[in-house]
Amino acid sequence: MRVTVKAFATLRNAFDGRGVMELDIPENASIGNLIEILERRFKFNVKLQETGEANPNIKILVNGREIIYLDGLRTKLKNGDVIAFIPPVGGG
Amino acid sequence: MKSKILIAGVGGLGSAAAIYLTAAGVGKLRIVDDGKVELSNLNRQILYSTSDLGKPKALTASKKLLELNPGIEVEPVQERITESNIHELLDGVDLVVDGQDNFKTRFIINQACIEESKPFIHGAVYAAEGRLMTIIPHRGPCLRCLIPHEPKELDVVPVLGPLPGLIGVLEGLEAIKLLTGFGKPARGKLLVVDGETLSFYSIDIKRYPKCPVCGRK
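Protein sequences appear in the order of chains A and B.
According to my numbering, numbering within the first sequence proceeds without interruption in unit steps and concludes at 203.
According to my numbering, numbering within the second sequence proceeds without interruption in unit steps and concludes at 221.
Next comes chain A alone, as it looks inside the complex (with noise of 0.2 Å):
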């Protein structure tokens, strides 16, 4: 299936500056398993160094909804599903 990546601010950086990619994964595929995707195709990294945990900074989105209001991490995709990593930003 297709979905939608939206990175925002510094995440951008791993998709060479692009701040959306459209990504063919598997059916059924789970956030997580969306993470670990982006984690070996694209060195996206949204875990905690520490603990491997992930970011709780970093908010995710499907479809606009963030994560810990669905499934958290086992939430399930869909095609078509649009998905948005948003990290806190400092500058001023």
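No lab work stands behind these hints: they were computed from the structure.
Do not take every clue at face value.
What the hints assert, rightly or not - Simulated restraints on C-beta separations:
no. : chain 1 : residue 1 : chain 2 : residue 2 : range
1   : A       : Y180      : B       : D38       : 37 to 43 Å
2   : B       : K156      : A       : E133      : 26 to 32 Å
3   : B       : G75       : A       : K187      : 30 to 36 Å
To be verified - One side of the interface only, derived from the structure: several residues of chain B facing chain A at Cβ under 7 Å:
no. : residue
4   : Y24
5   : N106
6   : K193
7   : V196
Each residue gets a CB set at the ideal place from its N, CA and C atoms; glycine is no exception.
For chain A, the structure is supplied; the task is to place chain B on it using the hints.
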């Protein structure tokens, strides 16, 4: 108006917020910044011009704001915000507008605002993106609910000029709303602005029970 606002930094964000709050006639502004005007500031720190290079920001900003509206009071404080002086800086203010360029100082301000129950309007930018969230202590998430893990500070933050202007103006709007009771502040809502596509997202943010600052004990 009889209100008093702490503008915590008069760089890109704070310049824009301060101008609109001055124009609105907010009674008193306490302008805090320890920096001096540099050439690289001028693409976005709209209180300053080329003739201000090398001048102290708090004093220079204050002078410009009083030229705009001599009817308000402006108190310049040419200091860095630290844990040692934040409570003194909060004395007598009704709310704080975020004009910082780093997480560490924002966290100091957030902690103190929660302790003193003073609203803190958080804004931040990176490249062509912006963020805004209004923190009302004990009635919604604080900055550490949003950012529980201490992020790495960047040595250089690229910023497209209009973004801090946009977010700073929205901070000014939020301040006016809080002071007047008009409208609905962005409490518990993170506004994400993507300047590249001109997309705006509003994300619900909840209080984090284990928040190191405002978590319920």
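* Violating hint indices (sorted, rising) -> The structure conflicts with hints 3, 4 and 6, although it agrees with all the remaining ones.
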